[in-house]
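There are 2 protein chains.
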Amino acid sequence: MKRFSVEAPDSGTRARCGVLRTPHGEIHTPSFVAVGTQATVKAVGPDDLKKIGIQILIANTYHLHLRPGEDVIARLGGLHSFMGWNGPMMTDSGGFQAFSLGAAIEHGVGKIASIFPDEVEAAERGGHLKRARQGQSLVKITEEAIEFRSHLDGSPQKFTPENTIEIQRKLGADMIFVLDECTSPLHDYEYTKRAMERTHRWAVRALEHFRKIADGRQALFGIVQGGAYKDLREQSAKFISELDFDGIGIGGSVGRSKDDLYRVLDWTIPLLPEEKPRHLLGIGEIEDIFHAIARGIDLFDCVAPTRMARNGALWVKDAKDFRINITNAVYKADPRPIVEGCECYTCQNFSRAYLHHLFTAKEILAMRLATIHNLYFLESLMRQVRRAIGEQALVELAADWGISLGRMSS
Amino acid sequence: MKRFSVEAPDSGTRARCGVLRTPHGEIHTPSFVAVGTQATVKAVGPDDLKKIGIQILIANTYHLHLRPGEDVIARLGGLHSFMGWNGPMMTDSGGFQAFSLGAAIEHGVGKIASIFPDEVEAAERGGHLKRARQGQSLVKITEEAIEFRSHLDGSPQKFTPENTIEIQRKLGADMIFVLDECTSPLHDYEYTKRAMERTHRWAVRALEHFRKIADGRQALFGIVQGGAYKDLREQSAKFISELDFDGIGIGGSVGRSKDDLYRVLDWTIPLLPEEKPRHLLGIGEIEDIFHAIARGIDLFDCVAPTRMARNGALWVKDAKDFRINITNAVYKADPRPIVEGCECYTCQNFSRAYLHHLFTAKEILAMRLATIHNLYFLESLMRQVRRAIGEQALVELAADWGISLGRMSS
Chain A
1 MKRFSVEAPD SGTRARCGVL RTPHGEIHTP SFVAVGTQAT VKAVGPDDLK
51 KIGIQILIAN TYHLHLRPGE DVIARLGGLH SFMGWNGPMM TDSGGFQAFS
101 LGAAIEHGVG KIASIFPDEV EAAERGGHLK RARQGQSLVK ITEEAIEFRS
151 HLDGSPQKFT PENTIEIQRK LGADMIFVLD ECTSPLHDYE YTKRAMERTH
201 RWAVRALEHF RKIADGRQAL FGIVQGGAYK DLREQSAKFI SELDFDGIGI
251 GGSVGRSKDD LYRVLDWTIP LLPEEKPRHL LGIGEIEDIF HAIARGIDLF
301 DCVAPTRMAR NGALWVKDAK DFRINITNAV YKADPRPIVE GCECYTCQNF
351 SRAYLHHLFT AKEILAMRLA TIHNLYFLES LMRQVRRAIG EQALVELAAD
401 WGISLGRMSS
Chain B
1 MKRFSVEAPD SGTRARCGVL RTPHGEIHTP SFVAVGTQAT VKAVGPDDLK
51 KIGIQILIAN TYHLHLRPGE DVIARLGGLH SFMGWNGPMM TDSGGFQAFS
101 LGAAIEHGVG KIASIFPDEV EAAERGGHLK RARQGQSLVK ITEEAIEFRS
151 HLDGSPQKFT PENTIEIQRK LGADMIFVLD ECTSPLHDYE YTKRAMERTH
201 RWAVRALEHF RKIADGRQAL FGIVQGGAYK DLREQSAKFI SELDFDGIGI
251 GGSVGRSKDD LYRVLDWTIP LLPEEKPRHL LGIGEIEDIF HAIARGIDLF
301 DCVAPTRMAR NGALWVKDAK DFRINITNAV YKADPRPIVE GCECYTCQNF
351 SRAYLHHLFT AKEILAMRLA TIHNLYFLES LMRQVRRAIG EQALVELAAD
401 WGISLGRMSS
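Residue numbers (the working numbering), protein chains in the order written: chain A, 1 to 410; chain B, 1 to 410.
Here chain A stands alone, though its shape is the one from the complex:
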């Protein structure tokens, strides 16, 4: 059985539709991957996710390794069984979290706190950030491994290319990722190059180890790095493409401007093999989603719909940045659903006034109802995107959303 087939390339862009087959079902691409960091998509259950039409989840190896541990999850039958999700699932290698939480502290906690608010809070409680600020770095990268400290209890931890494969084997997701080092825009060319070369050596080690222990059910994705440097991105795209991965992730976009991100995709994707699925690791907003898909991305994970939902930012088409802040007093007695005609459970049953009330009264149900809407809104957009690609009309769909796709560099 072929794991991935490209079925409808768009003509005006590099976008494409495809079908990705996993032991837990098919995914129609381009697809959003809902983020379930700690083996739960925050505030909603698997029943909600099925009804919304979520195709695939990504859980986080760093978090699950620290708590409850891959051995507990394996004993419970693996991630699918543990969290009651029988659809397709990914895990990332955890390298990004292990690295970021330590390294970003060197550049001030403010920045990292916006990316990992919960982790930073836990680390503050444990006193680990204080120790880190006093010079005891939380992270050290060697040829062998990423050495880091748990943000939960400060315990020393180590990720190697091999053990992250083993942890992810125990977690049991359908698609897993190699360990990589995600450099930041604060790193210079020389450091970014050295890190990329190490990431390449880690990719080879991970692939070798994966071959030894693979059960034939999991697919392994390599990761392209190289920062914001064209020659490094090209070098990395070629290197990772030549290895026998089942799919390719594009990493390292955090902290960049939108244009940086688009340029990286323009440099990288034309060098990747057509027949492998391409995953963009961690993406931001609706505009980015259109641009990434137009450049040939098949899968992307994105915390925005769920995180924004919990802050009361509800997604709509006709507003600035595609969202309204439901805590605004203007919604206090607004009888309309978030989006007229939206078929999500929330819009079918509740008014903006009720959501405003739940958020104002700090009721837990607010989180679930808001998350259901934002996830449904994005899945509904993805269905439109796939249809538009099939009709050679992605540029027109983007234009209808006020987004111009006419700036692809090469």
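Bear in mind the hints are in silico, worked out from the structure with no lab data behind them.
Do not rely on the hints blindly, as some may be mistaken.
One copy or two, either will do: identical chains are not told apart, so a pair holds if it fits within one copy or between any two.
To be verified - Taking lysine-lysine and the DSS-like style, the derived pairs with C-alpha atoms no more than 30 Å apart in a straight line are:
| hint | residue 1 | residue 2 |
| --- | --- | --- |
| 1 | K158 | K332 |
| 2 | K51 | K362 |
| 3 | K140 | K362 |
| 4 | K50 | K362 |
| 5 | K193 | K362 |
| 6 | K170 | K50 |
| 7 | K276 | K50 |
| 8 | K170 | K362 |
| 9 | K158 | K317 |
| 10 | K170 | K332 |
Knowing the structure of chain A, use the given hints to seat chain B on it.
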């Protein structure tokens, strides 16, 4: 159409089965009334409540009057429409909250904080408790009204027998309550008697006002008071029974011992008319539920299943106090459901290990899954109770739960 029919009186106890008809459907009694204080049963949606088999909700007039206000809810079509619940619903008069939050401050915040943790936290934030401790009481009871201050913003508020009927008319629940003064065990006989007599005068005023504005769809419940004093309880039971209420609430049990509660029911219920439904306002745990039903209670509201759920106390039959603390490390890798054979969504899909993980990781989904189980557990118990009454076997069912019903005083 008769609003209430008693269908199966038990022989060994004063328990009875019945059917209570409302414009939003029938309730089979004895029935648990799920608490939806702020127009939401905390952490679950109406979809969850329907699947669990919840028959009826009670929302809180004090809270909804302060936020979002009965006018907003009326504009949104009333409580049912506002919160997306199309089943039977009650509101209480709000007197208990208006009174307790102020009065209990005189006896120390500790006690009231255990009953109203969220409200006390909000009041602390607003500085209202501090002002109250400095001698500016939050509550004043006159012949005319309960005057109190909002725990949200300190604004002066007033509940009268008449305006609480009007507020509840706007909220639009199927069953509503008269304003009463719920005395505490700290009040002496003289005060309790004076308060009871005022409550009686308020009952007459409320009923008169209700008759003027009633639409024929809402049912009005009077409330028996009289503290822990036998002659007062008897006097109140007779007085309230003679008025033309649709049902009767028994109030004032908070802060008493279990035996006090049982004695009050033994004194009161034999004096109430057989043909009216009897509601026990605010009850504690499973043992109390059996004792109240055995004494002839038809309806009771109870925050225990939902509040305990949010603290990780999950209800089971075979454990001390009928619950386990899921945050205990012993459950870290426990593959069993909370209760073997339980048909709730949580037990059908998730292990104790997963729930332990969600609580430990402070994931929002923990609240929903735990609440679903506890509510289902109680609804399932109520189905057993109704069947047992039909089979003249309530004493035996209670014995099977380790509860002796053989202590009814008269």
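query = Taking 30 Å as the upper bound on the Cα-Cα distance, should K51 and K362 be classified as within, between, both, or neither?
reply = Cα proximity of K51 and K362: in one copy and across copies (25 Å, 24 Å).
inquiry  = As a check of your reading, is K170 near K362 (CA-CA no more than 30 Å) within one copy, between copies, both or neither?
reply    = Answer is between: at 23 Å across copies they meet the 30 Å cutoff, but 38 Å inside does not.
request  = Can you give me the call for K193 and K362, within, between, both or neither, at a CA distance of at most 30 Å?
outcome  = Neither way: K193 and K362 sit 47 Å apart in one copy and 39 Å across, limit 30 Å.
inquiry  = At most 30 Å between CA atoms: does that hold for K50 and K362 within a copy, between copies, both, or neither?
reply    = both (26 Å within a copy, 23 Å between copies)
Within, between, both or neither, where K158 and K317 count as close if Cα-Cα is 30 Å or less = neither (44 Å within a copy, 44 Å between copies)
inquiry  = I want to check one pair: K170 and K50. Are their C-alpha atoms no more than 30 Å apart within a copy, between two copies, both, or neither?
reply    = For K170 and K50, the Cα distance is within 30 Å only inside one copy (24 Å; across copies 37 Å).
task = At 30 Å max between alpha carbons, let me know whether K140 reaches K362 within a copy, between copies, both or neither.
result = Answer is between: at 29 Å across copies they meet the 30 Å cutoff, but 40 Å inside does not.
inquiry  = Checking an output row: K276 and K50, CA cutoff 30 Å. Within, between, both or neither?
reply    = within (26 Å within a copy, 45 Å between copies)
ask   = Quick one: K158 to K332, C-alpha cut-off 30 Å, is that within a copy, between copies, both, or neither?
value = between (50 Å within a copy, 23 Å between copies)
key: Intra- versus inter-copy proximity for K332 and K170 (alpha-carbon distance at most 30 Å)   = Between copies only: 17 Å across, 48 Å inside.
Checked against the numbered hints above, the structure breaks hints 5 and 9 and satisfies the rest.
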